[in-house]
Structures are given as structure tokens and as C-alpha cells.
Amino acid sequence: MDEDTVRFGGPWSSSDPTSLRDVFDSSYRRLVTQLFGVTGSMDEAEDLVQEAFVRAAAAGRRFARVENPEAWLRTTAINQHRSRWRKRRNAQRARARMASPRDPEALESHLEIITALRALPEAQRQVIALFYLADLPVETIAEELGVPAGTVKSRLSRGREALASHLAYAEGAVHHV
Amino acid sequence: MSERLLEAFREEVEHSTPLPDFELISAAGRNRRRRRHTVVTAVAACVLGVSGLLASTYGNRADPQPAGDSDGDSLARPFPVGAMTTLEKGTYELEPSGPSVPTVRFDLPDGWNSWIGPNRFEGLSDGTSDQVGSNEDVLGKGPGWLLGMLALTVDWLAQPGCTMTDVSRADTTELVEALTDVPRLEVVSGPEQGARFGHRVVHLRLREQRGTGACANPAYINAAPTAQVTYLGPGTTYDAWVIDLDGRPLLVWAAWTRDAPDDEVDDLLGVVDSIELVPPDPS
Chain B
1 MDEDTVRFGG PWSSSDPTSL RDVFDSSYRR LVTQLFGVTG SMDEAEDLVQ EAFVRAAAAG
61 RRFARVENPE AWLRTTAINQ HRSRWRKRRN AQRARARMAS PRDPEALESH LEIITALRAL
121 PEAQRQVIAL FYLADLPVET IAEELGVPAG TVKSRLSRGR EALASHLAYA EGAVHHV
Chain E
178 MSERLLEAFR EEVEHSTPLP DFELISAAGR NRRRRRHTVV TAVAACVLGV SGLLASTYGN
238 RADPQPAGDS DGDSLARPFP VGAMTTLEKG TYELEPSGPS VPTVRFDLPD GWNSWIGPNR
298 FEGLSDGTSD QVGSNEDVLG KGPGWLLGML ALTVDWLAQP GCTMTDVSRA DTTELVEALT
358 DVPRLEVVSG PEQGARFGHR VVHLRLREQR GTGACANPAY INAAPTAQVT YLGPGTTYDA
418 WVIDLDGRPL LVWAAWTRDA PDDEVDDLLG VVDSIELVPP DPS
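Chains as they are written, first to last, in my numbering: chain B, 1 to 177; chain E, 178 to 460.
Incorrect hints may have been included.
To be verified - Mimicking SDA-like on lysine to any residue, the simulated pairs with C-alpha atoms at most 20 Å apart in a straight line are:
#1 E:LYS266 <-> E:GLU299
#2 B:LYS153 <-> E:LYS266
#3 E:LYS266 <-> E:ASP444
#4 E:LYS266 <-> E:GLU441
#5 E:LYS266 <-> E:ASP443
#6 E:LYS266 <-> B:GLN50
#7 E:LYS266 <-> E:GLY300
#8 E:LYS318 <-> E:LEU301
#9 E:LYS318 <-> E:ARG377
#10 E:LYS318 <-> E:GLU299
#11 B:LYS153 <-> B:TYR169
#12 E:LYS266 <-> B:PRO137
#13 B:LYS153 <-> B:THR140
#14 B:LYS153 <-> E:ARG373
#15 B:LYS153 <-> E:GLU441
#16 B:LYS153 <-> E:GLY410
#17 B:LYS153 <-> E:GLY371
#18 E:LYS318 <-> E:ASP436
#19 B:LYS153 <-> E:ASP343
Claimed, not checked - A partial selection of chain E residues facing chain B, derived with a Cβ cut-off under 10 Å:
#20 THR350
#21 ALA355
#22 VAL359
#23 CYS392
If you're looking for bench data, these hints aren't it; they were derived computationally from the structure. Note that the coordinates shown come from a computational prediction; the quantities given were computed from them, not determined experimentally. Glycine residues also receive a C-beta, built at the ideal position from the N, C-alpha and C atoms.
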């Protein structure tokens, strides 16, 4: 077997070995979508997910011990995002970057929801993204973020309210133009 | 309305996201793995009496190597455990011993010394890393102040009566209780529960008191596999973060001696603040 071919256990049957390439093909776009929700930036999401795959490739066959590769990749990407966020939260460069993230042309019709997501506090946006874009249950989100399930529920509740409020405001603003 | 918009958004992003070239990603991973293999992760076998933070080890390990240059596509480099050398500013990854223990990633300012964990001390010069033994020489002269950080899976802890208690199977609560009973270490704040580093944690701060010197064993922590941590001197502050990894505790232990300058302590706390746990450890 080639050194870069990874065979997974767990959900992937050993009789049907899955390579990192297979995980990439099946999960990359889904992960970018989820990280877009988490970060509010398409560029950042692509960078984080690609970095997570590089780390998986760097682990070689040892990555085969990972029971749920997509969850591992997502957690790796989110942790990296948290680390970067901490580093640059006080930096002027970061504020400038955050103020004008690139919005792919294909997503022009979704600017309303993108703007509303970006307006959420970081912690609420993470939970909203994992719940609605990754379809994860509250307990799994709690495990992936390392916070109690009650915290996830409260962030989810507050995030929903804030999101609805932002969307209603945006809709109202449009109607008044 | 939010749910409907989010669902439409998800479909559109998944549909429109371009797939990058997997071969480039795979090649970057291969390059990174090759570089990692050049850095020995084992621990040097030597006894250093100056500092408990610069713990003693007795393992039969390969010779340690200094940290390599940062590769262009890598955001972190392996922390050169056991290699006493002055480090460049950057992000490092430390791998505490123990099954399924996450990698501890942290940012270091320029000019820190490496050993079992990152540390700084009086007289440490940024330009001495190429001179073998120079940092040891400075330590040997007894620096006026010292500080550093360790990330450990703790096996044994000193307890009253010159005894050591086995905490290798202790949960977070039990380890915290044992920490509060370590001789000469007085709890000055906490224990306080919270969430940090992406996990539930218990934080407490302790301060070293003057000891009676009655116990022969200078170590108060034995950590996996063979590291020992000894006292740094009266007035030393110890900031302990006991991280709950699904019931198993990982101890992040930051310490600074009484005369450590405030700006150096601020840097140390910044290092702790930058910690990120990378689960699970695939390497």
C-alpha cells in the first residue's frame, strides 16, 4: 500500500478501504461550507480546511486510527481558527480583513444570511454553523467544542434569536428603501 | 426563516466551492512528515539540579535534536523536548506522554529556552543557541529568576509525610485534590472550574512556602514517563490548569520564581493563553 493511502476503521468497513483521497472527495466541500459558517469568511474556510487535510496527510497511516475522519478534520480546522482568532483579535490588520471578506459571486443571493451570520458573536456563530450546516446534535457539538451541552443549547437559542433579529432588520431596511 | 435561508446557503456553497488539487495537499503533507521525522521527540537523559521546571529524565531515548527551521507551509514545528537550546519565535507543538493525549500547541516569543517545556531565566541570551552547553552553563550559575511552562500527564504527586501518591488513574477532581495537598505549596486562589483550551478545566494558583527540608526526595511531581519536577524556591508562584480530557487530566503547569520580572511573567501567561489542544494526537 502506498504510504499516503490511509485505511480507516470505524464507520468505514475494512473490506472497503477508504483513502484520504476518498475523504477529501466526499468531505472537502461540506467542511468548507461548515467552516464558512463558523468563520464568516470563504477564504478563511478554504484555508483552514486545506490545512486540516495537509495535517491528515502528514499523519500518514497513523491517521487511520481516527474513528471519524470528517469530525477530526472539522475539529482540527475549528481549533486552528480559534488559535488564529486569538492571535489577531486585537490586530488592526485583522479588523481590516474581517471588515471586508471576499464573497464569492455565486453567493450573491445569500448575502443576507452571510451578513447575519457575520454579525453573530463568535461563540454563537460556531454553534449555529455546526447545528445547521453540519447537522450535528447538541451533544456532539458540545464534545467538539469542549463545552457543556447546556452552554451549546443557550448559545443556540441566543444565536437563533440574534439571527432572526438581524434578518428581520435587514428585511425591514430593504422594505423602507 | 433562518433555517430555510441556512439550508439554501449550505446547498449553494457546497455546489459552488471549487475542489483544489488533492495532489498538492498530499505533497504538502508528505513534506511536513519528512521534516518531522528529522526531529527527535525523545527526551535527553540527564539530571539538572538547578530547576524543577527543567525536569529530570531517565529514559533510554534517542539523542534530542534542536528545532528545525520553520517550513514555509507549516504553522507549527515540533517542540525539541530534551534539547536545551534557545528557540526562535514561533508556534510549537509539544506531545505529552500517554495514550490519546492531545498535542499541546503554543506560541513562543523569541529567545526562550527548550527542555521538557519552554522556559526563560536570567542571563539567557538570545544568541547562544548554537553553543552547546551555553544555556546549561547559565543555569549552572544559579540565575536570579526563572519561569516556564510544562504540560504533563502526572503519575505521582508528593503528599504530606514525605510520601508520594499514585495519581496515574486519578480523574480531574482527584488530581486537583492531590495538588492542594502537595507539601510546601499553598493554594492562594481556586480551585475554580471553568472552560478553557476547548475543554472543562480546573484552575488553581499555588505559592511555594519555605520547607523544612525533612524529605529526601526533592521532586513533588513524577510525570509520564520519567520526568520529575522539583521545587523552585520559596515565593515561586505556580499556575495550574487541570484540563479534563474525558475524565483524564492533563496538567498545564506554569511557574515563575519570586523575582521574575513582570514583563517576563506576562510573556509566560501569554504562552499559556496561546495553548491549543489538537485532538486526537495522530502522530
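- Message: Given the hinted pair E:LYS318 and E:ASP436, is their Cα-Cα distance within 20 Å?
- Response: Holds, because 16 Å separates the two Cα atoms, which is no more than 20 Å.
- Query: Hey, does the E:VAL359 contact hint survive, CB to chain B under 10 Å?
  - Reply: 27 Å, violated
- Message: Tell me if the straight-line CA distance from B:LYS153 to E:LYS266 falls inside 20 Å.
- Response: Violated, at roughly 39 Å.
- Item | Closest C-beta approach of E:CYS392 to chain B relative to 10 Å, hint status | E:CYS392 check fails; min Cβ-Cβ to chain B is 37 Å, beyond 10 Å.
- Message: Tell me if the straight-line CA distance from E:LYS266 to B:GLN50 falls inside 20 Å.
- Response: 24 Å, violated
- Message: Please check whether E:ALA355 passes as an interface residue: C-beta within 10 Å of a C-beta belonging to chain B.
- Response: 24 Å, violated
- Hinted pair E:LYS266 and E:ASP443, Cα distance within 20 Å: Holds, at about 16 Å.
- Is B:LYS153 close enough to E:GLY371, meaning Cα to Cα at most 20 Å? This hinted pair holds, its Cα atoms lying about 17 Å apart.
- Query: Hey, B:LYS153 versus E:ARG373, does the alpha-carbon distance stay inside 20 Å?
  - Reply: 18 Å, holds
- Taking 20 Å as the top limit, are the C-alpha atoms of B:LYS153 and E:GLY410 close enough? 46 Å, violated
- Is the hinted pair E:LYS266 and B:PRO137 satisfied, with a Cα-Cα distance of at most 20 Å? 40 Å, violated
- Could you grab the alpha-carbon distance between B:LYS153 and B:TYR169 and see if it respects the 20 Å cut-off? Violated, at about 24 Å.
The structure shown violates the earlier hints numbered 2, 6, 9, 11, 12, 15, 16, 19, 20, 21, 22 and 23.
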